[in-house]
Every structure is written in C-alpha cells, then in structure tokens.
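Given these sequences and hints, build the entire structure.
In order, the protein sequences belong to chains U and C.
1 is the number of the first residue of the first sequence in the UniProt record's numbering; add one for each residue after it.
1 is the number of the first residue of the second sequence in the UniProt record's numbering; add one for each residue after it.
Derived by calculation from the structure, the hints in this document are not laboratory data.
Keep in mind that a hint or two might mislead.
Not close to chain C: a few residues of chain U, all C-beta gaps over 10 Å, as computed [unchecked claim]:
no., residue
1, Trp46
2, Trp51
3, Gly90
4, Leu111
Distance ranges between label pairs, derived from CB positions [claimed, not checked]:
no., chain 1, residue 1, chain 2, residue 2, range
5, C, Ser162, U, Ser187, 26 to 34 Å
6, U, Leu15, C, Leu168, 40 to 48 Å
7, C, Thr44, U, Val18, 33 to 41 Å
8, U, Leu136, C, Arg54, 23 to 31 Å
9, U, Leu136, C, Trp184, 43 to 51 Å
10, C, Leu8, U, Pro133, 31 to 39 Å
Built from N, CA and C at the ideal position, the CB exists for glycine as well.
Chain residues, written in single-letter form:
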Amino acid sequence: MTPRRFLATLGPGVLWLVVFLVLPALIMLGYSLLTRTDLAQVGPPWTLESWGRVIGYDALFQEWTGDNLRVLWRSVWVAGISTALCVLMGYPLAFYIARQDARRRQLLLLLLIIPFWTNFLIRVYAWIILLRPFELVPSPMATLLGMVYAFLPFFVLPVYASVEKVNWSLSEAAQDLGATPARAFWSAVVPQTLPGLVAGVLLTFIPALGTFVVSDLLGGAKTALVGNLVQNQFGQAGDWPYGSALSFLLMGLVLLGLWVYARVAGRRGLEELV
Amino acid sequence: MTRTHPLLAAWAWLVYAFLYLPIVVLVVFSFNESRFGAEWTGFTTKWYGVLLGRADVRGALGHTLEVALLSTLVSTVLGTLTGLGLWRYTSRARAAVSTLLVLPIVIPDVVMGVMLLMFYAAVRAGLERAGWTFDNGFWTVLLAHVTFQISYVALTVRSRLSGYGPELEEAARDLGASAWQSFWRVVLPLAWPGVLAGALLAFTLSLDDFVVTYFTSGSGFQTLPVLIYTNVKRGVTPDINALSTLLILVTVVAILVANALLRPRGKG
Chain U
1 MTPRRFLATL
11 GPGVLWLVVF
21 LVLPALIMLG
31 YSLLTRTDLA
41 QVGPPWTLES
51 WGRVIGYDAL
61 FQEWTGDNLR
71 VLWRSVWVAG
81 ISTALCVLMG
91 YPLAFYIARQ
101 DARRRQLLLL
111 LLIIPFWTNF
121 LIRVYAWIIL
131 LRPFELVPSP
141 MATLLGMVYA
151 FLPFFVLPVY
161 ASVEKVNWSL
171 SEAAQDLGAT
181 PARAFWSAVV
191 PQTLPGLVAG
201 VLLTFIPALG
211 TFVVSDLLGG
221 AKTALVGNLV
231 QNQFGQAGDW
241 PYGSALSFLL
251 MGLVLLGLWV
261 YARVAGRRGL
271 EELV
Chain C
1 MTRTHPLLAA
11 WAWLVYAFLY
21 LPIVVLVVFS
31 FNESRFGAEW
41 TGFTTKWYGV
51 LLGRADVRGA
61 LGHTLEVALL
71 STLVSTVLGT
81 LTGLGLWRYT
91 SRARAAVSTL
101 LVLPIVIPDV
111 VMGVMLLMFY
121 AAVRAGLERA
131 GWTFDNGFWT
141 VLLAHVTFQI
151 SYVALTVRSR
161 LSGYGPELEE
171 AARDLGASAW
181 QSFWRVVLPL
191 AWPGVLAGAL
201 LAFTLSLDDF
211 VVTYFTSGSG
221 FQTLPVLIYT
231 NVKRGVTPDI
241 NALSTLLILV
251 TVVAILVANA
261 LLRPRGKG
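Following this line, the structure appears as structure tokens:
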C-alpha cells in the first residue's frame, strides 16, 4: 500500500482526533500545572498545587486533609454499589431473556432497548417525577436508584450477548457426572459468561464513576462525586487548573479499569468491548 | 428451551417494571392538570400547548437537529475512511490508530467536555492576538460531536468488513479496476450496512448528548438536552414532562421502524 492511500483513508480521521483530542489533552495538562489568576483564567507561575489537592492537600498545599480522597472514595463506592446492583438485577434477567423462544426473546430485547435509547436526561428526570412525592429528592438513595436505572441496559446487553452463546451441554455433562444443578451452573455456565460479565461491569462502572448528571439532579450537595467536583471547577468555582488535575485523576481511574479488563479478557476482548 | 424457573421469571418482570415505572409516571404526569405538586387534579393536554408556544423549545429542537445531521454527515465520511483504513492495514499503525479511536469512547464525557472547553478557550486566546474572534455555539458543538462520533462509525465499519480479506480489492484491481472503481464498486457496497449502522449510531449519540454539548455550547446556544437540564435545575414544570413524553414517543417509533427494517425477511 502506498503512503498516499494510507493518508487518504486513515489520515483525515487520525488528524481530526489529534487536533480535537490529543491536543486538548495536552492543553489540559498545561492548564493543570498553571495557577488560577482570576475566575476561569489561568496563568503563571507553574505549580503542582492542583495535583497536590487531588491527592488530598488543602488549597494552599500546606496541610494534608484528605478532603479530595473522601470524594474519590465516595465516587468509587457509589459506582461500585450501583454496579453490584446492576449485576444482581441484570445477570438473572439476561438468562431469562436468553432462554425464551425466538419471538419472545425479540420482544424482551426490544423492551430493553427502548429505555437504553431514551435520552439520558429524560431517564434521570423521570426519577425526579417519581420520587418527588415521597420527598426522596435529593438523597443518596435517589442517586443510587438513578445510576442503576441509567446504566442497567449497558450492563444487560453485553451480558446477554455472552449468555446467548452459552453451551448448555457442558452444564448437562456436569450434572450427568454428579454435579448438583447449582454446582453445574457455577462451574460450567458462569465461566462461559465471564467476558460479557466483565464487559458489563466496566460499561456500568466507568460511566457511573464519571457521571455528574445523576448525582447533580438526584443527589444534592452531600453526595457530590468526582464528576460533580470537575463540573463545579468549570462552573461556579472557575478553577480550571484544579478541574484539569481532577479530570486526569478520573481518566487515570478509567484507564486502570480498562487495563484490568484487558488482563482478564485479552486484547481481543478489548476490541469486542467497543 | 423455554423452561425457566418461575422465580427467575418473576425477577425478570420486576426488573422490567423497574425500567418502565418512571417512564410511565412521567408520561401520565404530562397530562396532569396541576401545575405544582404530585397529586392528580385532572386530565389535560394544555402542557403540550404551552410547550408548542415556547420559542426556546423550538429553537433548541432546531439546533439539536442541525448539529445531529451535520455532525453525522462529517463523522460518517471521516469514520468510514478510518474504518476502511483499519481494515486494510495490518501493521503497527493499525494498533496505534485503534487505541486512539477507543479513547473518545472510554474517556468520561465530563472530561471530554472540559477538555474541549479549555481547547476552545486556548484557541480563542490565540486567535484574538491575530484579531480574530469567535463565540462558543453551533460550530464548537458541531466539532465536539464529530470528535466522539468518528470512533463509533469507524469501529462499526471495521467490524462489518472484518469477515472479508483485502484480496477482494486486489482481485478487482487485477481485473482492471482503478483504485476509485474498486472503492466505489467493491469495497463501499460491502461496507455499506456498517456505514448506515454507524451513521445511525452517530446521529443518536448526537441527539442524546448533554454533557459535551453543555461544556462546549457557551451561553447563547441550547440543544434539547441542555434545555431540559437548565429547566429541571430551575424546578420541575409540567411542560418539560410533555417535552419528555414527546421525545420518548419519537424514540419508541424510531426503534420500532429500525426493528422492522432490520428484521430478516422470510426464512433461509
């Protein structure tokens, strides 16, 4: 292949992503090392202050208070619980759908796709309408409900894809050899669904960790997550250097999650995920 | 094969109830007479009238569609070319490009939004020195949307072509086709379902996007999700229930149409 044709196919897309993704990331890195001079303004001197705050120092970089680590811990915790609830609700559902006949399966999948394709904000807003009469908005519980609701279809669809491919004769063979149904399920079926399960967990955990919309609309100030902290730095607080450093933290966590997934599912799995 | 434990079935239907309860409540309340509070005070369609009379809603709808259509067009062309390149080249470049393409999908949207916000601010600062100026609005949102759409189109096109080898194109060349002819007559027809699927996905992503739009749109330019957000922040109003209900209706119709079109006809 000639370089000219290489440029003609991969070139424009790569160029676009370099300009609108790589370059902005570098600019963000620069901003995270600068000082806030005025509202949403940055300038010299170069400093590590923002990064210090990310790891729990106070705004003056004098004393370690752990403030930010508490928010971080809460974010991981909330995302973790939402993901666990998605597994609890969605894993059995995937099996139920996969074991129906073709017509019913089609219908059940359609019913799953409708909320999945419904505008994200509307799905979160619907919970305000539903929970408001019970005076549950804002509350941490509302945040959790909203997260599970918003991300459940992201979990079920990849899990369903791997449950559908399960070879059930392995489970029958295990039972013929004397395994209890529970044991056969655990040793012969669950491992076959592992790639889908891990993909589903990541597709739930990553957006749950990064979201600010759900906690912003349903959670109130006490349940602020890293996403809210980032949003606030680019809104009211107007502290772009700190917001930039926080964004890198969030990206680091996500890339860590993907690295773990790549270890479990291999490079192939990473390509299948997207 | 259809034998399932009754407990499993009960669980499944509970989950479906969970998925649909908020949507049903939202739709029902869009027909509620009462302006405040949650109690039912009577059936009305007046909120739909209120909604249609709102100039900001009509403006936001127009902006949403303009951005979605144009960004889909641009990202489909760029993404299709990228997808073809990924299919054609099996080299280290391909691995690097794959990684680059995965980034917009996995980076949290809030990070992508603020990254582009700062990028536009930096570009603006640079241009101002040269006497140029621009405001965030249609163009900044459009460029941002294309950035997250390219990956989805490219990966859809690539996976559509993954079953075919590059020898198809070589065969066309051996039979005397020019590079252009083999592209238009052989490669593109094969990739076409992937191109359409990618374009549909890109369009939906653009319609749905709130976060990236929120950070890149500036103050004078609203899309429907941004409008819903700012209205909800100010307090719940029944005309937003009506707007949401209409959007849900559009979603359901679109899915049913797509489903009917994609369903394989007949057997064998």
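Status of each hint after checking the structure:
{"no.": "1", "hint": "Trp46", "in the structure": "holds, 16 Å"}
{"no.": "2", "hint": "Trp51", "in the structure": "holds, 16 Å"}
{"no.": "3", "hint": "Gly90", "in the structure": "violated, 7 Å"}
{"no.": "4", "hint": "Leu111", "in the structure": "violated, 6 Å"}
{"no.": "5", "hint": "C:Ser162 with U:Ser187: 26 to 34 Å", "in the structure": "holds, 32 Å"}
{"no.": "6", "hint": "U:Leu15 with C:Leu168: 40 to 48 Å", "in the structure": "violated, 27 Å"}
{"no.": "7", "hint": "C:Thr44 with U:Val18: 33 to 41 Å", "in the structure": "violated, 54 Å"}
{"no.": "8", "hint": "U:Leu136 with C:Arg54: 23 to 31 Å", "in the structure": "holds, 29 Å"}
{"no.": "9", "hint": "U:Leu136 with C:Trp184: 43 to 51 Å", "in the structure": "violated, 58 Å"}
{"no.": "10", "hint": "C:Leu8 with U:Pro133: 31 to 39 Å", "in the structure": "holds, 32 Å"}
The structure is inconsistent with the numbered hints 3, 4, 6, 7 and 9, although it conforms to all the rest.
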